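Line by line, the protein sequences give chains F and G. In case it helps, our numbering puts the first sequence at residues 359 to 611. In case it helps, our numbering puts the second sequence at residues 359 to 611.
Keep in mind the hints are simulated off the structure, nothing from the lab. Bear in mind the structure is a predicted one, so any value in this text is a computation, not a measurement. Be aware that a few hints might be false.
For identical chains, the list gives no copy identity; a pair is met inside one copy or between any two copies.
30 Å max Cα-Cα, derived DSS-like pairs, lysine-lysine [as the list claims (entries may be wrong)]:
1. 449 with 482
2. 365 with 449
3. 421 with 365
4. 421 with 482
Protein chains: 2
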Amino acid sequence: MVETRPKIRLHVDAALATGTELALSAGQAHYLRAVMRQAPGAAVRLFNGRDGEWRAELTRLGKRDAAVTVRERLRPQAVEADLWLLFAPLKRGPQELLVQKATELGVARLQPVVTRFTDAVRAKPERLQAIAIEAAEQCERLSVPELAPARPLADCLADWPAERALLFCDERGGTPLAALLQRSAPADGAAILVGPEGGFDDAERASLLASGFAEAVSLGPRTLRAETAAIAAIVLWQALAGDDRPPPSPAAG
Amino acid sequence: MVETRPKIRLHVDAALATGTELALSAGQAHYLRAVMRQAPGAAVRLFNGRDGEWRAELTRLGKRDAAVTVRERLRPQAVEADLWLLFAPLKRGPQELLVQKATELGVARLQPVVTRFTDAVRAKPERLQAIAIEAAEQCERLSVPELAPARPLADCLADWPAERALLFCDERGGTPLAALLQRSAPADGAAILVGPEGGFDDAERASLLASGFAEAVSLGPRTLRAETAAIAAIVLWQALAGDDRPPPSPAAG
Numbered sequence: 359m360v361e362t363r364p365k366i367r368l369h370v371d372a373a374l375a376t377g378t379e380l381a382l383s384a385g386q387a388h389y390l391r392a393v394m395r396q397a398p399g400a401a402v403r404l405f406n407g408r409d410g411e412w413r414a415e416l417t418r419l420g421k422r423d424a425a426v427t428v429r430e431r432l433r434p435q436a437v438e439a440d441l442w443l444l445f446a447p448l449k450r451g452p453q454e455l456l457v458q459k460a461t462e463l464g465v466a467r468l469q470p471v472v473t474r475f476t477d478a479v480r481a482k483p484e485r486l487q488a489i490a491i492e493a494a495e496q497c498e499r500l501s502v503p504e505l506a507p508a509r510p511l512a513d514c515l516a517d518w519p520a521e522r523a524l525l526f527c528d529e530r531g532g533t534p535l536a537a538l539l540q541r542s543a544p545a546d547g548a549a550i551l552v553g554p555e556g557g558f559d560d561a562e563r564a565s566l567l568a569s570g571f572a573e574a575v576s577l578g579p580r581t582l583r584a585e586t587a588a589i590a591a592i593v594l595w596q597a598l599a600g601d602d603r604p605p606p607s608p609a610a611g
Numbered sequence: 359m360v361e362t363r364p365k366i367r368l369h370v371d372a373a374l375a376t377g378t379e380l381a382l383s384a385g386q387a388h389y390l391r392a393v394m395r396q397a398p399g400a401a402v403r404l405f406n407g408r409d410g411e412w413r414a415e416l417t418r419l420g421k422r423d424a425a426v427t428v429r430e431r432l433r434p435q436a437v438e439a440d441l442w443l444l445f446a447p448l449k450r451g452p453q454e455l456l457v458q459k460a461t462e463l464g465v466a467r468l469q470p471v472v473t474r475f476t477d478a479v480r481a482k483p484e485r486l487q488a489i490a491i492e493a494a495e496q497c498e499r500l501s502v503p504e505l506a507p508a509r510p511l512a513d514c515l516a517d518w519p520a521e522r523a524l525l526f527c528d529e530r531g532g533t534p535l536a537a538l539l540q541r542s543a544p545a546d547g548a549a550i551l552v553g554p555e556g557g558f559d560d561a562e563r564a565s566l567l568a569s570g571f572a573e574a575v576s577l578g579p580r581t582l583r584a585e586t587a588a589i590a591a592i593v594l595w596q597a598l599a600g601d602d603r604p605p606p607s608p609a610a611g
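Just chain F, same shape as in the assembly (with noise of 0.2 Å):
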């Protein structure tokens, strides 16, 4: 079953549904004429975010457009674990790290904000949205995460949903996390912070410690770049309360 499934797999907009036929992107058309080289009457698959995924055959290919035939369902859509990811803006490179990564590992939604410490560039979103699509496509997902427009921190924190619990990773030191996971019951929904290398300033923390939904989480005695401490901090946090976490066994009641 897993041989069959074709390897390449692409992330469209265009809603799923058997005979379903759908042009693809200019950039699409390259990327399977000229560095996958395939040709009409290929197999590729195909997701949204929605439908799940399904089964397509390539029709028509030039230069710079192509089309697809949907045929079947290879997979219903999944729900996800709904973790968000908020990130002050970093320098290119790790910026451009961690949203892959954050992708790769299963993150809803990533959230770019403003602190008092932010020291960087601002990338472009639509530079970041065609990482996180690339990541999503070779890493079997079925969605690509949201990528929310850059906000001032207090602005997100001030229209927090306080059912979700926002863990910010505190160089000052907090609750280690992965203890944290393991002694409290799984939330529904969850976010994880990380701010600029600087840190947070003192009125950043205490606002945050005096929201009621934020809680300082440590990451171990080594002092991490963000983009790692980020990483580490979704791994945990899937492995432990998100998607990755194993069912129940009955003897742990």
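On the provided structure of chain F, position chain G as indicated by the hints.
Relative to the frame of chain F, chain G by itself:
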């Protein structure tokens, strides 16, 4: 206390003791002068992986040479988690990222292994060593991971220390790593093995499973790139069995 520690932190090979005068490398001289714009009299921190962390004073700073005098010890050498990472060589970008992040996350030993589907130009060891040293200097750890010469996987398995658990990340599935680490008593030392993008071949998998010391582990429902899988496995091991692990609570026995 934290505020008075010099920001600049350098790895050296020489023994460290009060009063010792040391010559720094040409690269360190350039870094101090041209990048960090330091002058004689500036304070730096030094570590060598054996003698803890020391405050030192910059006594000479030329274009290609520099010297320091070691003043007092700031931290004793600590026992660090005994985790090895075995990885099939990757393309340059992902491999350099892996060495940087594994160092930051506290891996003690980096062992490139050649497997059947390994398909990458091997990087120069000097280059990987430089990346590991820079990452160690920045993350506050007191050691630089050992970078072992590349070996065939079969040779590594042939003289493997049987008391060291070898957790291999298998794309075909295995025990979820977090669950495995949560239910078994943390061992003193372990190793994580990540294969190439093509995975392990059947003979490699069979010899791993027959070894008695290796266990197949999985890292969740998505398909992770090799370097992401390695990072995720290291994060989980450190948090649940390594030196990020919080002390056991009295209630847990």
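Worksheet item: Broken hints, numbered, in rising order?
Response: none
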